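Start from the sequences and build out the full structure, keeping to the hints where you can.
Following our numbering, the numbering of the sequence shown begins with 1 at its first residue and continues without gaps.
You may find that some hints are simply not true.
Unchecked claim - Simulated pairs of lysine to aspartate or glutamate, EDC-like, Cα-Cα distance not exceeding 16 Å:
1. LYS146 with ASP190
2. LYS3 with ASP190
3. LYS3 with GLU243
4. LYS146 with ASP90
5. LYS114 with ASP75
6. LYS114 with GLU166
7. LYS3 with ASP251
Derived by calculation from the structure, the hints in this document are not laboratory data. All values reported here derive from a predicted model rather than from experimental measurement.
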Amino acid sequence: MGKLDGKVAVVTGAGRGLGRAYALRLAGLGANVAICDRDLRSFEEFERERAQMTAATTVGELDALGVDAFGVEVDVGSPEGMVDFARQVDERWGHIDVLVCNAGGGSGPLRESKASELDLEHLHAVMNRNLYGTIHTVLAVAPYMKRQRSGKIVTVSSQAGAMANEDGSYAHYGAAKAGIVMYTRYLAQDLGPYGITANAIAPGYIGTGRLMVGFEQIGVESLERRVALRRVGTTEDCARVVEFLCTDLSDYVTGHVIPIDGGTIRAAS
Numbered sequence: 001m002g003k004l005d006g007k008v009a010v011v012t013g014a015g016r017g018l019g020r021a022y023a024l025r026l027a028g029l030g031a032n033v034a035i036c037d038r039d040l041r042s043f044e045e046f047e048r049e050r051a052q053m054t055a056a057t058t059v060g061e062l063d064a065l066g067v068d069a070f071g072v073e074v075d076v077g078s079p080e081g082m083v084d085f086a087r088q089v090d091e092r093w094g095h096i097d098v099l100v101c102n103a104g105g106g107s108g109p110l111r112e113s114k115a116s117e118l119d120l121e122h123l124h125a126v127m128n129r130n131l132y133g134t135i136h137t138v139l140a141v142a143p144y145m146k147r148q149r150s151g152k153i154v155t156v157s158s159q160a161g162a163m164a165n166e167d168g169s170y171a172h173y174g175a176a177k178a179g180i181v182m183y184t185r186y187l188a189q190d191l192g193p194y195g196i197t198a199n200a201i202a203p204g205y206i207g208t209g210r211l212m213v214g215f216e217q218i219g220v221e222s223l224e225r226r227v228a229l230r231r232v233g234t235t236e237d238c239a240r241v242v243e244f245l246c247t248d249l250s251d252y253v254t255g256h257v258i259p260i261d262g263g264t265i266r267a268a269s
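So, in structure tokens, the structure goes:
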């Protein structure tokens with residue numbers, strides 16, 4: 001028996017990369033999985049991601065694991081879209097047990113992302129994609145978890161939410177990810193009486209297809225030297241922590257942030 005047999009999991013931003021890894025991990029534990037993404041074939045943008053796919057989409061990969069799965073193309077920046085997505089999940093299975101708010105990402109060139117020079121269009125886009133997108137998702141799903149008085153919520157922050165880039169760039173992204181941390185702590189306090197846990201993860205340098213393109217431009221070896229374990233992380237490094245937070249192994253853990261950065265923050269402090 002799997003740890004999540006009979007459970008229903010929702011994962012946002014699961015068309016590729018980390019979201020895909022989380023969805024596959026939860027399905028491997030027995031959960032039925034609903035995913036969403038702005039583009040369910042977003043993996044096609046990166047050669048590394050394309051090479052990892054074993055089906056036409058993440059939904060196809062989930063089906064191959066023998067669970068019930070479906071996917072919807074929706075932007076987490078749309079509160080109405082997320083409410084409709086959550087409604088579809090509840091209508092299909094009657095409950096939602098696990099939520100992983102993975103959707104997010106940066107926007108705009110580095111030169112326009114320093115704290116004193118932020119491009120407002122990029123700032124609003126990044127806040128909507130990350131902080132507001134997380135809030136929209138929780139607002140859509142929390143009523144179902146409160147109804148059943150149980151649930152596991154995992155939000156996704158970043159090491160950028162705890163440590164500024166050396167050149168001061170991507171301030172909008174760091175601020176959004178830091179906001180997710182505090183929102184998650186408030187969630188834990190709010191939802192604890194309903195038996196719902198809320199925790200955040202904070203990935204560091206993780207070798208997804210999209211990030212590896214940037215890492216290779218900077219130099220992977222130079223990044224690895226910043227990490228205590230001297231390697232870039234993998235999607236499975238993150239998926240294992242998500243497994244912990246989504247199963248009964250973490251029933252008495254809530255309101256916390258777990259760094260998955262190989263010791264990068266330690267090395268920089």
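Do the hints match the structure? See the list:
1. LYS146 with ASP190: holds (11 Å)
2. LYS3 with ASP190: violated (26 Å)
3. LYS3 with GLU243: holds (9 Å)
4. LYS146 with ASP90: holds (13 Å)
5. LYS114 with ASP75: With Cα atoms ~26 Å apart, LYS114 and ASP75 exceed 16 Å; violated.
6. LYS114 with GLU166: Roughly 11 Å between the alpha carbons, so the hint for LYS114 and GLU166 holds.
7. LYS3 with ASP251: holds (13 Å)
The earlier numbered hints that this structure contradicts are 2, 5.
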